[in-house]
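Chains as they are written, first to last, in our numbering: chain A, 1 to 223; chain B, 1 to 182.
Be aware that a few hints might be false.
What the simulated footprint calls covered on chain A by chain B, stretch by stretch (three residues with Cβ under 8 Å from a Cβ of chain B suffice, anywhere in the stretch; the number is not a length) [stated by the list, open to error]:
no., segment
1, 9-22
2, 70-77
3, 83-95
Simulated from the structure, these hints should not be mistaken for lab results. Note that this is a predicted model, so its numbers are computed, not measured. By construction, the Cβ of each residue, glycine as well, lies at the ideal position given by its N, Cα and C atoms.
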Amino acid sequence: MSGVWWAALRRELTLIWRAPADMAQPLFFFVVVVSLFPLGLSPKPELLALVAPGAVWVAALLAVMLSLDGLFRRDQESGALDQMLTAPVLSVVPVSAKLLAHWLLTGLPLALMAPLLGYMMQLPVAVLGTLMVSVLLGTPTLTVVGAIGAALTVGLNRGGILLAVLVLPLYIPVLVFGAGVVRTAQDGLPTDGLLAVLGAILALALSLGPLAVALGLRISAGD
Amino acid sequence: MLFRELAFSAGDGEIWQITGANGAGKTTLLRILVGLHGFFEGEVRWREPLAPSLLYLGHQPGVREELSARENLRYSQALSGQAGDPDAALDAVGLYGFEDVPAGRLSAGQKRRIALARLWLAPKPVWVLDEPFTAIDQDGVARLDARLRQAAAAGTLVLYTSHHRVGDDVRRLHLGDAGGTP
Numbered sequence: 001m002s003g004v005w006w007a008a009l010r011r012e013l014t015l016i017w018r019a020p021a022d023m024a025q026p027l028f029f030f031v032v033v034v035s036l037f038p039l040g041l042s043p044k045p046e047l048l049a050l051v052a053p054g055a056v057w058v059a060a061l062l063a064v065m066l067s068l069d070g071l072f073r074r075d076q077e078s079g080a081l082d083q084m085l086t087a088p089v090l091s092v093v094p095v096s097a098k099l100l101a102h103w104l105l106t107g108l109p110l111a112l113m114a115p116l117l118g119y120m121m122q123l124p125v126a127v128l129g130t131l132m133v134s135v136l137l138g139t140p141t142l143t144v145v146g147a148i149g150a151a152l153t154v155g156l157n158r159g160g161i162l163l164a165v166l167v168l169p170l171y172i173p174v175l176v177f178g179a180g181v182v183r184t185a186q187d188g189l190p191t192d193g194l195l196a197v198l199g200a201i202l203a204l205a206l207s208l209g210p211l212a213v214a215l216g217l218r219i220s221a222g223d
Numbered sequence: 001m002l003f004r005e006l007a008f009s010a011g012d013g014e015i016w017q018i019t020g021a022n023g024a025g026k027t028t029l030l031r032i033l034v035g036l037h038g039f040f041e042g043e044v045r046w047r048e049p050l051a052p053s054l055l056y057l058g059h060q061p062g063v064r065e066e067l068s069a070r071e072n073l074r075y076s077q078a079l080s081g082q083a084g085d086p087d088a089a090l091d092a093v094g095l096y097g098f099e100d101v102p103a104g105r106l107s108a109g110q111k112r113r114i115a116l117a118r119l120w121l122a123p124k125p126v127w128v129l130d131e132p133f134t135a136i137d138q139d140g141v142a143r144l145d146a147r148l149r150q151a152a153a154a155g156t157l158v159l160y161t162s163h164h165r166v167g168d169d170v171r172r173l174h175l176g177d178a179g180g181t182p
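This is chain A alone, in the form it adopts within the complex (with noise of 0.2 Å):
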């Protein structure tokens, strides 16, 4: 069971290792997105600090999102796909591999800029670690809860309208505690219950996620 995980995990890494331009896409939207706030808004520190948290966190939200929609994709339209439920493991194995390897090389990233589009976006240097530290427990949130949808818009050639109606209010309260974290940080108060919250959100999504993703690629493998 094991060494089927650590192969799939291999086979998804170098899959987007491969394909550089998928993986750098999230990243290059997350900095272009926060990097027009102070051309569209203004260059005020003081407003920008107002709306940085906010700012972030939904391009971050966003960029997970657009990432997620050609996630099982090239697996199904190859075959790849009806393989893996045809194989003697169950699915999730494979999957929640697929899903670690996709949040290492997308999510990971996105977590690391933060700090960096933070400090741009005039937040208080002492905020930055607050900000990394959400972003890095709210995306793997993201990656999974988003790969529920794109498992169930597998089958449907535009997919990607569809994955967000159904993803984004599932999305809302990781954005809610995420950029409430770091509004907090800002206003000097302790932030440790509003992490143990994003923390028990993704507990949730990472126990039941991974299985609700590999039954909905069989619910669309069906039709």
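Assemble the complex: chain A is given as a structure, and chain B must be docked to it using the hints.
Coordinates of chain B only, in the frame set by chain A:
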């Protein structure tokens, strides 16, 4: 509706050729048999749990273009738990020298051969093959034909769709007239 009143039972060592016009439901029937397609009325029974004994090759070969022939086959092996030397299997399907070439640079026939290489690994008791002869050249067809008969002689049940007939004692299942009644 694609087909109705369809009943057959297949046993060890038999080769079943499923024929029918385009759109008659050959692929759908195979997908129902391997459990990929759940929307049907009726019953599919296997003697034992199917997954560990099944080797299924779908209409699409399941080969990712970014990965090399060997990487593709190795991953199939990991998933299906099939033992065997991947290089020897690739050699057997005529891909010697192409092991490290990304599948995206190979022809359609060669991509299908990567998937077919699984037939030369440790055998599984049930083979379900959707159009295995598509895009394969004459020499390859002869080799695949021989391989299917060899496997059946060793007790493997082979179910496949194609217009190519393997041997003389192959059983045929013909799916109704094109289109069917909705």
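Going through the hints against the structure:
1. Interface restraint, the segment 9-22 of chain A with chain B: holds (5 residues with C-beta to C-beta distance below 8 Å; minimum three).
2. For the segment 70-77 of chain A, the assignment as covered by chain B holds, since 3 residues bring a beta-carbon within under 8 Å of that chain's beta-carbons and 3 suffice.
3. Three residues within the 8 Å Cβ limit are the bar, and the segment 83-95 of chain A against chain B gives 8, so the coverage statement holds.
Checked against the numbered hints above, the structure violates none of them.
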